[in-house]
Each structure stands twice: as C-alpha cells, then as structure tokens.
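4 protein chains.
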Amino acid sequence: MKALVYHGPGKRAWEEKPKPKIENSTDAIIRITKTTICGTDLHIMKGDVPEVIEGLILGHEGVGVIEEAGQGVSNFKVGNKALISCITSCGSCEACKKGMYSHCETGGWLLGHMIDGTQAEYVRIPHADNSLHHVPDAVNEEAIVMLSDILPTGFECGVLKGQIKPGDTVAIVGAGPIGLAVLLTAQFYSPAEIIMVDLDENRLNIAKTFGATNLVTDNAVEKIMKLTDGKGVDVAIEAVGASSTFDICQSIVAAGGHIANIGVHGKSVELHLEKLWSGNITITTRLVDTITTPMLLKTILSGKLKPEKLITHRFAMKEIMKAYDTFENAAKQKALKVILTNK
Amino acid sequence: MKALVYHGPGKRAWEEKPKPKIENSTDAIIRITKTTICGTDLHIMKGDVPEVIEGLILGHEGVGVIEEAGQGVSNFKVGNKALISCITSCGSCEACKKGMYSHCETGGWLLGHMIDGTQAEYVRIPHADNSLHHVPDAVNEEAIVMLSDILPTGFECGVLKGQIKPGDTVAIVGAGPIGLAVLLTAQFYSPAEIIMVDLDENRLNIAKTFGATNLVTDNAVEKIMKLTDGKGVDVAIEAVGASSTFDICQSIVAAGGHIANIGVHGKSVELHLEKLWSGNITITTRLVDTITTPMLLKTILSGKLKPEKLITHRFAMKEIMKAYDTFENAAKQKALKVILTNK
Amino acid sequence: MKALVYHGPGKRAWEEKPKPKIENSTDAIIRITKTTICGTDLHIMKGDVPEVIEGLILGHEGVGVIEEAGQGVSNFKVGNKALISCITSCGSCEACKKGMYSHCETGGWLLGHMIDGTQAEYVRIPHADNSLHHVPDAVNEEAIVMLSDILPTGFECGVLKGQIKPGDTVAIVGAGPIGLAVLLTAQFYSPAEIIMVDLDENRLNIAKTFGATNLVTDNAVEKIMKLTDGKGVDVAIEAVGASSTFDICQSIVAAGGHIANIGVHGKSVELHLEKLWSGNITITTRLVDTITTPMLLKTILSGKLKPEKLITHRFAMKEIMKAYDTFENAAKQKALKVILTNK
Amino acid sequence: MKALVYHGPGKRAWEEKPKPKIENSTDAIIRITKTTICGTDLHIMKGDVPEVIEGLILGHEGVGVIEEAGQGVSNFKVGNKALISCITSCGSCEACKKGMYSHCETGGWLLGHMIDGTQAEYVRIPHADNSLHHVPDAVNEEAIVMLSDILPTGFECGVLKGQIKPGDTVAIVGAGPIGLAVLLTAQFYSPAEIIMVDLDENRLNIAKTFGATNLVTDNAVEKIMKLTDGKGVDVAIEAVGASSTFDICQSIVAAGGHIANIGVHGKSVELHLEKLWSGNITITTRLVDTITTPMLLKTILSGKLKPEKLITHRFAMKEIMKAYDTFENAAKQKALKVILTNK
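Chains as they are written, first to last, in my numbering: chain A, 110 to 452; chain B, 110 to 452; chain C, 110 to 452; chain D, 110 to 452.
Hint data in this document are derived by calculation from the structure and do not stem from the laboratory.
Hints may be right or wrong, so weigh each one.
If several chains are the same, the list does not tell them apart, and a pair holds so long as it fits within one copy or across any two.
Here are the simulated EDC-like pairs of lysine to aspartate or glutamate, each with C-alpha atoms no more than 20 Å apart in a straight line [stated by the list, open to error]:
| hint | residue 1 | residue 2 |
| --- | --- | --- |
| 1 | 186 | 203 |
| 2 | 186 | 132 |
| 3 | 376 | 356 |
| 4 | 126 | 246 |
| 5 | 407 | 338 |
| 6 | 384 | 356 |
The structure presented is a predicted model; accordingly, all values stated were derived computationally and were not measured.
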C-alpha cells in the first residue's frame, strides 16, 4: 500500500509500505477513506518530537472501513464504517477507568507517533473496541474526521477544563484550528462573550463568522481589561503553546477564573504566584482523552455542530505531499484544516 | 480599652485605644474573650504587608460576646457568643453570591489589615450578620478560635481545592500550623496516604501524631517518587509560599493530579509546562473565604475534629507582647498556635 | 396607592391601600414600573393557597425604582432601577449560605403570599440588598420582569436540577409559561433534541418557534420511546404538577437519566421503584431560589436570551382586573405572560 | 467440578458440573479460592428472580486464581490472583463509557443470574480485563471478597449517590449487610452523625461498634425528627426495599437533602410530592457498577477499611449447603456474611 513516511527532519515521502496485519486479537485493520494533517505532524517534520523514528507512517486522524477485525474485537465487524480516535485506549487500565485515555498503560498517543499512523491506505488500530467509533452512513464524513483529534482537543482541554458556563466571558488566545475548535464547542455552554486573540487578521475574521463576539490583535491585555471593565475574563484559554500567550492568560484572568492550557510548550513559563496566590485561580493542563467523542458525534448528527467549517482545502490522498506543502504555509495559503480522500 | 498596636516594622505596643463604636447599621461590637496570633501578623510586623498603616490594631481571629449590634443586624443579639471570621463579607455582592467572600466588594480581609483588628478588648465587625457565627455554650472556646482562619484556610485552600478523595495519596509540603490544619481536615476524606514534608523534625513528629502516614525531610522529590512507585501523588499541597516548595509540588504530582497552593508568595515561580502540558494537572490558588466555617463547627461539635491540638502556648491577653516574642521564635519555642484569653 | 387585593376565593379588587413604609432597616420601598401575573396567583384566587389571608396584595414579580431605602441597605440607593426576585432572602442564614434562598429563615416566598406583593404602585421589599438586582438602563424592562420568577424557575428547577448536557435528549412535559421557560434556558447547554409534550396545539407551535425539535400531543410515552429507539430520554422535566404527567416522566426516562419536577403537586404520586430501582435514575424537586438571576441577566444583556418572547398581552396597571380576566382564560386567549405597566 | 446448582424455588444441590471453558477470546477461567452467599441468592432460591433458569450455578462474588486466559485478555496472566466483580463489563460500550457498567450492553449482572456463577470450583468470567481486579498477595482474602458486591453496592448506591459530606447527619434505614456496608464506607466522608434504623437489636449493636452514633428501633420518624431538632437528615439511605422503609426516608429528609435508594423493590411506593415538591430533595436509584472497586481496594490496603468485620461465619466450600442453611436463618444465627473457602 501507499503511505506518507517520515524520514527524519524535513524529509517525507509518499511511498510503498507493507499493508498492516492483525498483531493482537484486539486489533482492527482499517481501510482509510479520509484523513487530515495536524499541526503536530508539522512539529514532527521539524524534528521537535524526537521519539518519532525514521520510517514511521505519520497521521493520527481519519475515518475508514473495517477491513479485518481480531478475534477479541466485539463491537466492530468487517465493513463497518469507523472513526479513528487519535488516542488509543484499552478502556480497562487504571488510567482508562479514570477517563484518562491519553495515559492508558498500553495506549495513549500511539498512531503516527509510536506506531504507524493514518496517512496511509490502511492502518492497524490496537484496542479497536475502545479506540474506534461507529459512524452512521448519513453523516458528512468530512465533519467526522474533525472528531479524531481537533474537536475533542478543543472541547476537553479548553471548554471542559476551563469550565465555561452560561453567561461567562471567555478569551481564546490563538485562532488556529485548535483555538477555532474551542470557539465552536465553547458555544455549547452559551458564554455571554467570546474574545478571540490572534495576530492573523484572516483567522480573526473567520472567528467572527464562527461566533466570536470580540476580536483582539495587539495590546491584548490592555484591551481585554478594558472590555471587561477591569475585571478580566472568567475563562482564558491558551491555544498556542508559548510563554507570551500564557502570560496574556494570567494577566487577564478574573478572580475565581480559569486558565485552560491546550498549547504544547517547549519551555517553562513564569507563573506570577505573587499576584495570583489569592485570586482563586485554577490552571489546568491536559492532553485530549477523546472521551467526549460520542457526545460530539451526537451534536453533529443533530446539526448543532458543523466542524466541516474548519476545512479549507481538499486533496486526493495521493496528493498528500502537495497537501503538506499547503499546510506548511498555512498563513499564506489561508489554510485551517486540509482533507485527504482515498478513492 | 487596651489593644496591640502596630507602629511600623518591628514596633508594636499593648496600649490604650478608644473603644470602637457602631459606624454602620450592619456593624456589631464584640468584647473579645479569646484571640490568637497568626503567621500573617508576623509578616506585618516585618513590614511585608505595606498597606497596614501605623497605629492599626492587629489580629483577625477571635471569639467573643456581642456588646452592641447595629439596627441592621438581625442574626445576633447583645450577649450572644460569636466566632469572628477572618474574612468580612456582605453576603450579597457578586463575589459573595459566588461564595468568594474574600473578594467581597465591601469586605474581604479587613480586620487587622485595613481596619482595627481583634487583638484588643473590643472590636468592630462590619457586615456582622454574615461575618460572625453563633457558638454553642458547651463548646471548647479554644477549639473555636481555630475556626477564625487557620482551619478554614487549610480546608478550603488545601483540601477542597486539592479535591482530596478517599484512597488518594496526598503530600503536604510544609508542617507549620497551616500544613497541620490541612493534615487534620484532609482526613475528612479518608486519603490512603498522607506524606508530610518539612525540615523541622519536631513538627514532623507532631504531624505523625495528627495522622500523617509518612514523614519526609530531605530529598523530598526522590523519596516521594519512590514511596509512590514512580507515579507521584494525587494531591500536592503547597503550605509554605516559596519557589522551592512549589517546585517539589510540580515534581511529585501524578498524571491527573492536583497542586493546591496555600502559601503566600512574594515572587513568581517557574512553571514547567514543558513537562506538565500533557499531564492533566490542575493548579489552584485561593485566599480563604470562610464559607465552610458552619460545616467545620459541626465537625467540632460532633467530636470529629479537635483543632485545640494545634495550641501549644496559652497567655492572658495582657501578656500579648510576651506571646508575640514566643511566636516569633516558633521553631525554638516549639510553638504552633498561641491562645490569648481576656479575663 | 392602588393595589390588586385578594378578598377570598374568586374575589379580587383594584382598590386604595396605604403606601408601604420601611419596617426594618434592611427594607426598601419600590415604586413598581412593570409587573405581571403568575399561574400561582390564579391558584391563590381559586383558594388553593390557604395561608394567603384576605386583604393581601398579590404579586411576586416586577421591576421598579427605589423610592426609599432603610439605613441597613448598602447596595441600592434612591432612584436605582431594580428587579424584584420572587424569593426574599437574607443571604446569611444557614439555608441562604447553601444557596437555598427559598428556605431562608426570615425570607422565602413572602411577596403576595405572606406579605403584600407587587401588583401595586409600591411594594416593601425586606432584605433588599439580597433580594433586588440592579437593572442597566439600556435593557428591555419587559424582558427583565421575566427574571423575577419564571426564567429562574425554569432554569434552576428544570435545567440545572435536570443536569442537561450537550448532546442530551430532553423531554419537557407541559408547554405552559414554565415549560417554555425551561425550553428557552435548556438551550444554554445545547441538548441534541428537545421534545415538547402538551395537549394544546397552539402552545406546541410556539414551542417549535422557541427551539423544540419534536412535538408530542397524545400517546406521549409510546411516541417518545419510538423517537429515542427505545432508550428513553436523558432528562424528563415535569412542568405541570399532575400524577399523569409525572407518570409520563418516569416511563420515558433512560437508564442514568434525570427527572426534574417543577410542577406544584396537590397529591402524592405513585413511584415505580419496582422498575426504577436499578435504573440509576435521579429525581429532583425544588422551589426556585433565584440564585441564577445575575447569570440570566448577563445572558439577556448579551442577547443570548430573549424572554420577552413569552409576553403575549400588555395592559396598563390600572387595567389589571381585565388582565386577570384574560390570564384566567389563557388557552382561549392564547395567553402566555401578560405585562402590566404603571405609567 | 463441584458447584452449587439451582433446581427451582427451594431446591439447590452441591453437585458435579462440567468445568467451564473459554468461549470468547476475552474470557478468563478462574479457580475460586473464596466465595460467599448474597441476600440476592436467597431471593433467587425463593423464586423471586424468574430469569434464573433451573440448572444454573449460583453466586456472583469471589476471589480466585487465573486458570486460563483467552487470547484477547491482556491485563491478567495464568496464576494471577484476581477479585471477581459481581458486574461483568466490556468497558467500551456507551453505558460502560459513562461508568454504568451495570448497564453494559454485553454485560451487567450475569454471574449466577444469566450465566453460571462463582459458587463453584471454577467460573468463566467474560470481559475479563474489565471485570477482574488484581489482588496483592499480602492482603486479607476475606476482606477482598467483600469487594465483589457488598462494599461497592453500599458505597456507590448509598454513599456516593447520597452525596454524604463532612458534617452531615445521615440516617441508614436497614442494618443488614448492605446497610452496614453503607455505614462503613459513609465514614470515608466524616459525617457528624450516623443514625442507624432497624428492628433487630443485635444488628444495631453491631452498627454501634462499626461507628453509628445513634440507634433507632421503633417510631423512627418521630425519634429522628427529635434528634435533628425538627430539621431532618441531610441524607437518608433506604437499604431494605420496602414501602414502609422508603416512607421513613421521605418523612425524615431535610430541605436540600438526599434519599439514596439501594433496596430492591417488588412494588411501587407512594411518593409524597405534595410535600416534597418545594423541598429541594434528590432521590436516587442505582444498581452497583463496581467502578469504585480500585479505590476501595486502596482503602483496604491502607488499613482505612476493614470489611472482614462483616464476616460472622466460615465454611469449607463443600459445606455450602450448610452455609445456605445458616444464612437463610440469618437473624436467628446472627449471621451477616458467610465465607466459603475452597481448599
């Protein structure tokens, strides 16, 4: 089969690889019909994720059809359409029983990271019963691919951890795909105001059409304190992964407020406990667990959520090298999410 | 009347001051029967709390008898015995309605900070209906004084914010009076292990008698990781207010765990988001709100909580200068809490 | 002044009464600008609420202007515009500190029940600081009157007690003003489906325009089980107060589901524990506490909630006898809420 | 092998049956070392559980050693010691992902109910990875058997559903093994008072030694209202399954309180909504899900919980007919739990 293979920093190829096989009785083999590229794949390509070995197939998102199911798989049968969670989980270890699938003892973020991923014609999914989700025939497949990672990431790490409530004032720092996924799912809880912060005007304009009530580019702290009559925001969501954006969050959070960190940080940050110690502040971190995927699926089926709005570019899977080129120049190409279809 | 007056860094005196009067109809005047000295009073004496003006009466803890009640006070009558909360609160502003009494628009930490405090024969308590608590005659008054500040601080900022659950492994970093108040109230939720960290052997030995299951002095991170089979603790409580103790907390917290900061920090700390971003960690800060005082009172009345164990030294109120001398040398004097009685 | 006075079952008059005076220092006198009639007022008129004495002024909803404030009132000044909560509360007693204002030791549902109410030119409000809310000048006063009772009732007793979550399937049994208030506020939490049950086609049609996804008149249990593939609903809300409607709720609730009772019941009901004992079901009751009024006000100010949609008829306050005639024939008159304006 | 087989109402035998075999790759075969008899087994013997077919091996509790594990079992190996949950669960279906293992689509209460149970030398456990728990060698095996059913039932259905908090007043109606399991685990949350209600003086005396603060036999409602100064209890737990005991619960619950039903009811009960509609009451039902078993195991290992106190009689497994005789006359024999050991 064909697959997108990592060959060290900056080097990738769409090339022939052996079709995957069942290795454990709880595995399933999926024929991929649609996949996408994540910002994290670009980090891997830059060499920022050293545990990814050369020769690995990238990708941790996708939808497909069950090609083969191990004897221990009971929820899925050959021919079923299935959504792949970016997180693989057994469902039964101590971490999984707490809903922390990302810390599963024999799972976690494996696909396109520790084992071959989804940017390929076929992929092997361990712990298939707990790591796949049934997809109704009627549903828009493009929308569903957004449930592999980006929607549950925005919702679980941003909206749920931030504990957004009706009437809240929320600031989302970073209007990339993740920040926009937060914006879409934050509205499940009807905050009064959603302030979107980014330097890219194009992304802010998209945020406006997605439901942001205020847009901020420069002097974010000053402007947000003004907008909130000096009180600050109930929830500040860090969706970038930088010291400067975390600083904005800790400067604008109101007494009793929440800072939900989603961004992947390469360095430590300065935490101003000398100001925050008495502020009744909650700061959270989390890697997506994909435990809300069934709920998110319901909101898509009911028409409450239309994540396909995040998709800006479409390619055939065999054009994936070109899709990477586009996504690597996201700002210039005005790209959010790209979709790759395997026909 | 006599009172303990602050006269600038390092200077205090037990001297004559005018007896307080009702200023607003919701005030009450209390004749103090018992009070105590808080670690925060020592910070004030060092000049670390610049908003405290010279001439102010110190103290924010105490129990007494209603001497006079304004017309707008409906819950208390002259002669009632009352516990004074260290936090004054109206109960009706936006912050109070959220249970954040410490951020009350016309209250918060006022006593011995912004207005005259409780280390005196009489004290004026604003918003008396919401800032005082009835005390049954039968109860041990010394135990009750511990409810003004230290018990609710340990319980609200440490135990509740840390979300201690049955079966948890907890580490309390700092075995001073606050850390010990955490230790006493953490046991309401039956954690499996409570590891106490401090450099002072005497305090650790007291912690042992209060219910700590493990004691750690040096190499805290290494030892705690060993004790927990490399997993770390479910809840780490910072009860010191220093960079080094916060560092211990972030190094020992398990995936899915909580860091509850109680300590008053004078400087920023380094937060290792490069390690913690994916850890599903929750970090909290809080100033005590004293909203759990009624519940804590119930646990004292039922004999479940015996906070008088924290009291190591007793003085007459007129000996308060000597009591300060003792408390300022707490380690040497093996002092935890001192009690001052106004006869 | 003029007021609507109850003179025993079936007898009411718009007549002269003495203008109220400050009785306690925490009282305020309000000049009413807008009020409304509640279904509960009709129950009183039928003699169903025996504790209401003859000669009492009815009404527990309204907005107005502070005419006079007692010395103990600190949050409101003469001339301030204020919303009146149907529940009077001190904010400081044991019940109030738990957020159960409806069980306030010196408050609760007093207005138009135990003391003179709001269907008058002036009304005395005890515990004014905690029982009134500031109203911004810009806001639609008619919308605000809906916050005295009906909106917080639907939201607190139905939506919050029912724990409606994104993606849920909800059934609201009863499409009267309360059921419609549930419908409006349920959408704060983005349920996937909201099934509205009522016998009145007109009300169901209104429900459709308010966001109901399914309408059911007869054979409710059978139809709802079919709609939910035999699973039942996540949340069933009883908004009538009858044995038959409670029965529908217990027949359609899914495993793990919630039944939130709002209806005022005159008789006991049969609870089918022989079926429900293993169902992981939660049944709740509640009288409104009006603790969510500040939050609901924010959602109105931000344009997320438009409760003025519930208003079908408008009268001058002096036409209140006619307004009662209309509201007493609500089905025929297609009346939901009537508004009375004091010019 | 030998097993206890049901032959219709009133008929049971200890007889030869075929040793179970792996049927699905996720099954495990356990050699039972210790088991017990549940009150539910007595109900089956009376013919009250009609879905139990003649010829079935009874029993849903036990501890043992893995004799054989299917290819799809990854958490357990031959020779491992394992605790058997009374609830079998896949961990991956919609119900399991919500923590409702008792409603697992291919699990639930199967053992000794729908499939052969644990009162035998060997038992087949479906979905072994999620339905078994590792048992440390050091631990008291008798204590562990109490974790198959009775401890998690008391804790999940009574303590957690009842939301017992520090300082609460709790009434447990029924001092049988389940009521006593509630009593033991309620103390994890440090309620101020635990009132035990039963007609059997012997059981009440045991309750006293287990931590009950008050004992009530007759006139329960009157006595409990007196004990609580007319307020009622914060949490009332129904641990019998009768109309009269449910009535006690609804008569003694305080405003804002909880009624947690554990009892298995054969008939409907009368629910006094005409009194409770405004009481802010929560009523819950639940079948145990065994999701707290890992936590309960930790509390046993740490010495916080000693459930072996519930064991009054011990037999060899081959004496099981005699053990049933004893347990069927529990009151006379002063029996709580019996333990059967397979040597």
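Hints violated by the structure (listed by number, smallest first): When the structure is compared with the hints, only number 4 turns out to be violated.
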